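For reference, the chains in residue letters:
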Amino acid sequence: MKVLWNWIKEFIELKVSPFEAAESLTMSGIEVESVEKLDEDFLFDINLTANRPDCLSVRGVARELSVIYDLPLKEPSYSLSFVLNKKPKVTIESPTLCPRYSALIIEGVKNTTSPSKVRYRLEACGIRSINAIVDATNYILLETGHPLHAFDLDSLEEKEIIVRCARENETITTLDGINRKLTTEDLVIADKQSPVALAGIMGGAYTEIKDSTVNILLESAYFNPVSIRKTSRRHSLHTEASHRFERGADFEETVPSLIKTAKLITEWTGGKVSEITDCRLSELKPSVINFRLKRYEKIIGSTVDFDKACHILEKLGCVVKSVDSGKCTAEILPPSFRPDLVREIDLIEEICRLNGYDKVPVLMPELPPVSSKEEMFKDFKNFFEVTTHIRTVLSSAGLKETINYSFESSEFNNLLGMSEKEREFLLNPLDSNQNMMRVSLLPGLLSSLLNNKRYLNTDLGFFEIGKIFPNGKEKEMLSILLSGKKNFNSPYKKEREWDFFDLKGIVERIISDFNIEKVCFEKSTVSLFHKGQCAQIIYDGKVVGILGSLSPVIKERLELRQKVFLAELELEFLMKAGLKGPDNIEIERFLPVKRDISVVCSVEQNVEDLLRFFKDKKEISSVVLSDIYKDEKLGKDKMSLTFSISLKQIKKMTEEEINSIMGDIIRELIEKMKVALR
Amino acid sequence: MLKELEKIHKEALAAIEKSSDEKSLEDIRVNVTGRNGSLTLFLKKLGTLSKEERPVVGSAANKIKEEILLALEEKKKKLSLERIAKIESVDSVNVTLPGREIPKGSIHPINLLISDLVKIFSRAGFSVVFGPEIEIDYYNFEALNMPPAHPARDMQDTFYLDKGRLLRTHTSAVQVRIMEKKKPPLAIIAPGKVYRRDDDISHSPMFHQIEGLLVDEKTTFAHLKGVLTYVLHELFGQDLKVRFRPSYFPYTEPSAEVDIECVFCRGKGCKTCKQSGWLEVLGSGMVHPEVFKFVNYDEELYQGFAFGMGMERLAMLKYGINDIRLYYENDIRFLSSFLGILP
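Chain order of the listed sequences is A and B.
One rule links them: number in our numbering = place in the first sequence (from 1) + 10.
Reminder that position 250 of the second sequence reads as 242 in our numbering, one-by-one numbering, no gaps.
So that you can see chain B by itself, here it is in the shape it has in the complex (with noise of 0.2 Å):
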């Protein structure tokens, strides 16, 4: 009987050491142990040994039994390992060929810094706000204090349409429009395109500015500096200096200047600071009291600032770009700096 047994063993063992697939060893595992296996036929004649046999060849069979199916289960193993090891050798890709692309554009770099810089307000508790490019001499000039034949008229040399329209030469204008609808308290910044007749390296005939407005019965001087020292300082760094410097709008007083550190030599003196180690980067001041006149303000009553900040220079200070005029001829090779920028 254990002889039987003992080929029954080797057997199934060989044949399971032979076999190639997963197939053939379920064929071995039903030949063996299915319900008319070998092992399962053998275990049958059990019955019919001596009592004293009985519990020893039972045993070697269990024994055995356990073997094979542990034999299967191993090889089982190995096989499936093998096929998985195949289909991952078929499917096996160069690592190190490009990816398919999916399409990159650009965002303009001064509707990028718009963006950044309204973020940046907002954040400050500023709304932003809009107005018109074709203005009338009242709220690009006179409302701002600058009555005719005003000598701060020069320095914004200005484009006439007919029927006395202008385009707005700053974007001061959205001040006066905005407090003619609305009373304090008011925090507002204004984005848009102005337009001054100058055409040279560094001025062109239409640029961007934001201008931004802050009212209310108790905003200070100090406060301006707060809010634009902050506004620097997130969009170049805090580490920045900033300096604000006595000035003239006729539209603002006190009115300041203000300047930050050269962001190229970082205040050590270069081309592009003119060697002073400081970059004027906007204007600003508290409003006049006569604005607040036009606008039926009670002057004791109300006060704040506004600033105007020119987008070109600043996107020029912020992304290295030396020629104002390579903001409006849309060369790609320009364009393509920005690629994959989102706002």
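Extracted from the complex, chain A is given alone in its bound form (with noise of 0.2 Å):
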């Protein structure tokens, strides 16, 4: 909103600067955005928050300034004599959403420009300057606040006025040249026939004020914020006045705004003015709110003079009744244009704002000490240090964390040829590259990919840790892509590409972090992947995960020509497991002794069973597999492995002993797991 500082100083003799001046508003809460240096004068732009209606005016930023300073507020008086000896004729059907309804008739207007000074001030505050009667009304809306309208008074049906739910199929083209078809939830003002008015928010073109206009009828009225509201955003249309009437306009102010209109409407075009018609058809009064320093204090931690608080709520408007000086405490009654002042808590707002915020000490509270018992934040606490845990550990392995949106392209999904399943569509998507809650974190990483492939970087590692939403259900995943070079050539190592079994030695190195006996990959085929090089991750029977290379058609689709290496990995059963703590620390006191088993087997072999059967064996204390080799001699589709492990010794072994042991476990190796010894 803006206002300008002169009309401001028509209310209240300030001697401070426009700029000191807007200082004090923004720290008592009314935020001054900037002060614009005009010719003549200094224009404020200020930020509104949505609880002050009564500031959406000169006057009331004014008052506001009354307050801060201490100064009196200046009402300049206006006497109008009602000439015409008539009344307009007024009809409220719809009581709750126009409680009142205060009109007057002014005829034989000549109407014309408006004076300059008017005119500089309202386009200088953002509004067109149209006519002399118009610009008188939203002259007054700029000045108190409150919101009128002029109806060409020949162009009214009867010259009457109803205030009237609009009927079904009824239409109206409204000042803005738009024919609105509307609702039975619109509030109108209508004539005898049709609606000539959207209430509160915008006037029908039909009986708009037109150059010629010689008889008018002057509307001043309070309308309910909620239908205001309603119909506002119904018909997307928010004005000057839909804006003030829905944030609540003052009940009391209908008939002096009314009667300053019409004193500016005869100053400026001439004519003579009637009687007032005021439907009052029920009441809104504010309700006494009882005030206690004490609460005051409790809540603000410090206090303030009382008789000082009982002034600013004064100085604000209020009535403040029944004083009790002892006890600290007061009736207060506030004003009509105050809406949000209705409970204890709101005053006691109003008094430490006006009292400065700066009044108020800065304390740190002792809380007791965070404790992980508390049995509803340990999960959150868990999940919190897992996914540290995780981003550690992988961006100590060399990638980099990405944050990818939560929706993403239903088109991309497609060409990805993503499950169609699962999906949840935004029902208002900012535009269609975001109509989808995203069911993979996939997408996000190859689309990053993407992005980055146009500034010619391709060798990526990247990982997201996020939540995916299939069918509305949210899930935490965590996603790794790898692609183009892992390293580079330097002196010590030559360069080379990522490939399957890097991203795997990730995804094996985060799951054994945690409390997890055992986790299967198994071949399977997925439309994303690679034929030949995709695995799931099963846990408990469950997937919990999938890794493998990108399916050569989506990379012709994406027209990549780098691999790329795809995980992603469910983080619930990590979270319920647990990060390991150390294991029992147990030296053996013998050295291990160390024997080498080669065997050959098919290449399709599956060698997790190999090395879970040495693992198995109690006499081995570990087991890795050292080498793999593949030879025309061994036969087709065949490779020869060689596990190096280590024997436990719980005494000194002779080389009898270690033998015999070592017979047993090659024994039992080749009739089990239909391997043969090389």
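Bear in mind the hints are in silico, worked out from the structure with no lab data behind them.
Don't take every hint at face value.
Mimicking DSSO-like on lysine-lysine, the simulated pairs with C-alpha atoms at most 27 Å apart in a straight line are [unchecked claim]:
| hint | chain 1 | residue 1 | chain 2 | residue 2 |
| --- | --- | --- | --- | --- |
| 1 | A | K628 | A | K661 |
| 2 | B | K260 | A | K47 |
| 3 | B | K263 | A | K47 |
| 4 | A | K120 | A | K99 |
| 5 | B | K173 | A | K388 |
| 6 | A | K369 | B | K260 |
It should be emphasised that the depicted structure is a prediction, and the values quoted were computed from it without experimental measurement.
Join the two chains, each given in its own frame, into one complex according to the hints.
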């Protein structure tokens, strides 16, 4: 909202500079975003919070300054003689939506342009000058905050006003030239025949004030805020008037603003004023609030002088009654222009902000130490620790963390051949590139890859931790993308590209940090992946993740030349298992005995099974696959695997004892695992 | 006799002088002082000497033996040093060559900041909690004292899913969920993603917030100032100026907008702070009694404060990032600025 400095000064005698006043307003809650120097004035741009309709006017801002600087607020008096011996005919059919409607008639005006000072002010505040009559209503709107509307009386059928809800299939062409279809929930101002204004929002084109207009009807009403807001939203029509009515106008201001406007109009255009019709079908009276200084102290944590508190409330326009200086309590009746003051806490805030937030001390609370025993917080703490751990591990492995949007393009998902099941669509996406909630983190990582490819950066190691939303359920996931070169040539190491086993190694490392006994990697075919390089991760009989190389088909679609490796893993099973603590500390007395075993098997042999076979032997303390060897001599589709195993020594073993143990292991290996010794 | 002794002495010293490795030195020791060494044999002959000669020759022989042993020892030391020096010169490296690299990745700045803040808040006694990102109107608006048609809803343009579900517009939605489950005292922070239908240079349709809530029987507005000042000082430095400015949120009262002294110009006025010297960093306030009503807390008994801070904006100030869109493009040139920083 824009307000002019000299206009404010018509209401209050300020000695401070506009900049100083702006700073004071900001620090009392009326945020002045900027003060712009004009030729002869200063323009304040005020960012007003939604609870302060009373400040949507020059007078309101002046009133705030009168409290801050403890100065009197000047109210210019307007006298008007009602010479026409008639009254407008007004009927309110919807008193809940329009509890008060005041109106008068001015006959014999000669519409013209408004004085240059008025035009200057209106335009500085962002309102186009139209003609003297319309300008008068807008001028008073800016000055008092009360919206008014003028009708061309001779265009009103039977010259009467009916405030009612629109009927089925009724339409109105509003002043902006748009023909609007109305609903039965829209409140309208109608004449005997049809709607002539969208109540409290915008007038109709038919009854518009023209240069030729001679007789007018001037409206000043109070409309229900919720109803105005709903209609304004429904028609996407936000106006100066609707902005004020939906925040709550001043119920007692209809007549004073009506008189002021009529005074300006007759001053500028001549004409004779009728008596006022004031339909006041229900009352909107503020209720008395009990104020206790003790309560103020308990909430704020410091005190304020009780007399000062009462004085602030009085300056704000409240009536302060039943003051008990002993108990420091009072009964407060807020003014009609402050619909936001209904509870004691509202008064506490008023006193605190106008006394100055800087007067409140800065104190640290004494909180009990955070306890992880609290069952409710344990899972949250666990989640935070687990994700922090994974972030640390993966970034230390050289990967970069990304964050992608939770919504993405369904078209891109289709391009990747992602399943169309489980998709959840936004009803009002910003655009089609963000129309569905993601069901996998992988499309996001791939689009990050495509972003980087545009800058010729194709050597990437990415990960992301975030939620996916299959069927609207929220699931925490971890995803990894590896592509291009893993490292570059150096004197010590030849450059090479990321491969499947880099990815698997990273995934295994993550899983191995948790209390998880056994996961299996099962070869599978999933459309996003290369048919020969894809595995599902199985834990406790359930698929908990997937990893593999990006399908060559998709690679062609995305015009990617480099290999891309992708993994996605659920976090829930990791969180449930929890991070590992230290193992039992057990240092063997004797050095382990090391032996190698080489076997020949099919290239499709399940190596995890072989490794597990060794791990499960109680005589073996550790096993690693130390070599893979393929040779024509071994036979087609065969490979040789060498396992380096360490045997536990509980006592010093002789060569014979060792050979006997090894013999047993090898015999069982050949028998159970169906492999040959090389 | 003495002449013979002199000869042994000279020959031994010459041999020691000549020897060039530790093995030949050992040979010399054996040849001279070993069981059949020349000096040993000489000493055995001492018995044949007269009483007068014996002590003279004997002490001379012993003196020579000591000298030879000393010479042996010294030469041995010298040779050993030479040998090691040779090894070291062969193994010498050019220390200016680069070391072998170990991998170095990065954590996203938003998550780095969230980690920082979680640590800072936990030092102050707050526990971390999380809430759903798909919400219902009740938790996101209604129970936060924003009934339908409340003008404050305008500030938060919302993404909707079907069946009345929506993407939460602020982490404040977590407040009510937690209060429903637990009675005070309660000190929590809730980091997470939030969504608003906004997209321009300073707004992203998805961003991150941390919500905070402290409710017990005695937490005051002064404590709100205390905790938030502490946190901002921890984050930006102890000498940073912080100010609390009255504002409005439907779910807090009194409400305060918190400004910090502009971190770029230190309050002098620059483009970032629009010449004001101040930057708005978070919204806060005392929990509104209406919110307590929704969760069946006795509003005369319990009191406390809540706040919400935007991570993107704070990270911009902390790390000097100038465009909010950088956060989600995942350009490695951007992400690489955070290489090696651990939470």
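What are the numbers of the hints that this structure violates, sorted from low to high? none
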